[in-house]
Amino acid sequence: MSTLEPQLPRAAPPSWWRLVGGGGTRRRLGRVGVFVVLASVALTMVTPMFWMFITSLKTEAELYLIPPTLFPAKPIWDNYAAAFSFIPYWRMMFNSAFVAIVVMVARVVTSTLAGFAFARLQFPGRDKLFVMYIAVLMVPFTVTMIPLYIIVRAFGWIDNLAALIFPMFVSAYNTFLARQFMLSLPVDLDDAARIDGANPWVIYLRIILPLSKPVIAVIALFSFMTSWNSFIWPLLVLSSQDNLTIPIGLAVIAAGKESSGEYVQWNYLMAAATAAAAPIIGLFLVAQRQFVQGIAMTGLRG
Amino acid sequence: MATRLRVAGHAKRTGGLRRSEWKWAYLFIALNLAGFLTFSLGPILTSLTMAFMNWSILKPPEFAGLANIARLLDDDQFFLTLGNTAFFVAGSVALVTVFAFLVAVLLNQPIRGRTIFRTVFFLPSVTLIVSVAMIWQWLLNPQGGVLNYLLQQIGVAQPQWLADRKLAMPTLIMISVWQNVGYYAIIYLAGLQGIPREYYEAAEIDGASSLQRMLRITVPLIAQTTFFVVVTSLISSWQVFELPYLLTGGGPANATRTLMMYTYSQAFGSFRMGYASLISWVMFLLIFLVTITQWMLARRREHTVEM
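Going down the list, the protein sequences come from chains A and B. Numbering of the first sequence is given in the working numbering, commencing with residue 1 and proceeding in unit increments. Numbering of the second sequence is given in the working numbering, commencing with residue 1001 and proceeding in unit increments.
Everything labelled a hint here was simulated from the structure, so no lab data went into it. Just so you know, these numbers come straight off a predicted model, no measurement behind them. Beta carbons: idealized from backbone N, C-alpha and C, even for Gly. Careful, some of the hints might be misleading.
Said to hold, decoys possible - Listed next, the stretches of chain A that the computed footprint assigns to chain B, with coverage defined by at least 3 CB atoms under 8 Å from CB atoms of chain B:
| hint | stretch |
| --- | --- |
| 1 | 133–142 |
| 2 | 191–203 |
| 3 | 215–225 |
Said to hold, decoys possible - Label-pair distances were calculated between CB atoms; the ranges are:
| hint | chain 1 | residue 1 | chain 2 | residue 2 | range |
| --- | --- | --- | --- | --- | --- |
| 4 | B | Ala1208 | A | Ala278 | 43 to 49 Å |
| 5 | B | Arg1300 | A | Leu65 | 54 to 60 Å |
| 6 | B | Gly1249 | A | Ser85 | 23 to 29 Å |
| 7 | B | Leu1150 | A | Ala278 | 34 to 40 Å |
| 8 | A | Ile195 | B | Thr1293 | 29 to 35 Å |
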C-alpha cells in the first residue's frame, strides 16, 4: 500500500521486536517481561538435567575442577559402559520394560472392557459396584501395601516379576477414566448397531474402542510411566540382582557409593542416572501431545 | 390391536436382550472385578481388620483389640514422623500450587516458544525419581557440588543442605517442587484455557488492571482446578518416601524421616504388620479429612462467586 505522502525516515525497530508480537509498546514490554520470567524458570528446570548429562561425560579429574567446566574437554562416552558394568544394566532395563509393557496392555484391556460395561450396558448391581471403585480411589497405596505383600508372599511371588505384574493389572482409576470417557460418546451409536443385530462384543470392538483412542492413549502412557517409575513396591518384593527393575538397580549403585568400600564416581553415577531416565524422557518427547492432552483430560475430569 | 401387539412383542424382545446383556456385562467386568477385589478392595478391608491385630507374619495373627491404638498414642516416633510429614506436605503443596498457577498464567500469554517452555517445564516430572535424587545429591554435594560453588562466587554462605538438621526438609521440599511444578502447571493451563476470553475483554474495557483481572476472574473461575491440584499433590506428598529414603535416609537425626518411611520400617523391619496397618489408616484419615475440608471450602467459594 504505497501512499503519496512522503516517507518519513524512521528508525527500524530492533529485530527481536517482531518476536514479541503485535500491539502497543506497553503490551510488547509486558510480553518481554513474561518471556524473561519464563526463560529463567526454564533455566532452573533444565540446568540440573543438563548438569547430570554433562557430568556423565567428564573424566574423574574434571569432576572437581575449579571453576567447573561447562562442557567436558573431551566427552567420555565410555563412562556409560563403565556405569553399566556396576549392575546388570540391560537385564534390569529388560525387566522394567517387560513389566511396564505387560501392565500397560493388561490395564488397557481390563479398564476398557469394564469401562464399557459400566458406561454402556445395563446390569443389576452396576452402580453399586462402580461406587466401590470410586471409594478406592482416595485410599493411598500405603494402606494396600501390607496386605498385598502378604498375598504376594502366599502366592510365592516374592523376588519374582509376577509380584509387579498381577497385583497391578487392574487399576480402579483407569477403569474410572475409561468409563467417564465412554459415557461421553453418543448412545445412538450403540442403538443403531443393536438394531442391526450387533451384540455387545461387536459394539465394544467395532464402535466404542476405535472412538476411545484418546483415553486408551492416556491409560497406556500413564500406566507405562507409573510402572517404570514405581519404587517402593519393587524395593519391597524384589531382592536378587537379576530380578531388579532399573530404579532399584540405580538406587543400589547410588547406595554402593556410601556403604561398601566400593566408591562409585559421580561421572559414572550421572551416566547411570541419565541412561535410566532416558527412555521415559524419550517417550515424552515423542508423545508429548498425548501427555499434555492426557493430563488435561484427567485433570479436568478428576 | 395390531399396534399393541407390536409394542408387547418389542418389549418382550428388549427384555430378552436385557437379560443376555447382563451376561455380556458380567463377562466384560469379570477380569477387572477379580483383580479389583483380590488386589485392591480385598487388601484394603484386610488392612482395616489388621489394624486391630498383632501379626509378625511368622506367627498367625492374634486379636489385639485397641492395643495398637494405645501404642500409637504413646509413640514418639510416630508423632515425630507425623510432624515431619505434615511440614513436607504443607510446604510442597502450597509452593507447588502457587508456582504451578503462576507458571500456567504466564504460559497462557501469547508468547513465542510456548511449546518449548512447556516441554522444558515438564521435563523434571517425567524424569525417574531416583535420577532426580542423584542429580540433586550431586548438585548439593559439599565436595564438587556446583550450587555451593556458585554461592561461594557471589560471596554468600554455603549451607550444608541435606546434612543440616534445619535445612534438610526444606531442601527436600525444594527438590519436590522443582520436580512437580511442570506437571501441575499443565493441569492449570488446561483449566485456564477453559475460561472464555470475553470475560477478560469485558474487564479490560471496564478498566480492570491485570492484577485485578487475575484476582477477580482467573482465581475464582479456576477454583475447581485448584481443588484438583491440591488434592492430588496432597495425596502424593503425604506418602513421600523416595526422596528422603534416597537422599537422607531419614536423617540427620530423624529430621526427614517421614510417615511412609516409618510405616515401611514398622511393617518390614520390625514385622509389626498390624501396627503398621494402623499407621497407614491414620494417613488415609488425614488425607480424607483434609480433602473433605478442601471440598467444602471450594464449594462455598463457588457459591459466593455465583452470587
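Hints versus structure:
Interface restraint, the stretch 133–142 of chain A with chain B: holds (7 residues with C-beta to C-beta distance below 8 Å; minimum three). A stretch counts as covered by a chain when three or more of its residues have a beta carbon under 8 Å from one of that chain; for the stretch 191–203 of chain A and chain B the count is 4, and the coverage holds. Coverage of the stretch 215–225 of chain A by chain B is violated. Counting CB-CB distances below 8 Å, 1 residues qualify, and the rule asks for three or more. A beta carbon spacing of about 47 Å between Ala1208 (chain B) and Ala278 (chain A) agrees with the range 43 to 49 Å that was offered as a hint.
Between Arg1300 (chain B) and Leu65 (chain A) the C-beta distance comes to about 58 Å, which sits within the given range of 54 to 60 Å. A hinted range of 23 to 29 Å for the beta carbons of Gly1249 (chain B) and Ser85 (chain A) is consistent with their spacing of about 26 Å. Separated by about 27 Å at the C-beta atoms, Leu1150 (chain B) and Ala278 (chain A) break the suggested range of 34 to 40 Å. For the pair Ile195 (chain A) and Thr1293 (chain B), the supplied restraint of 29 to 35 Å is violated, since their beta-carbon distance comes to about 50 Å.
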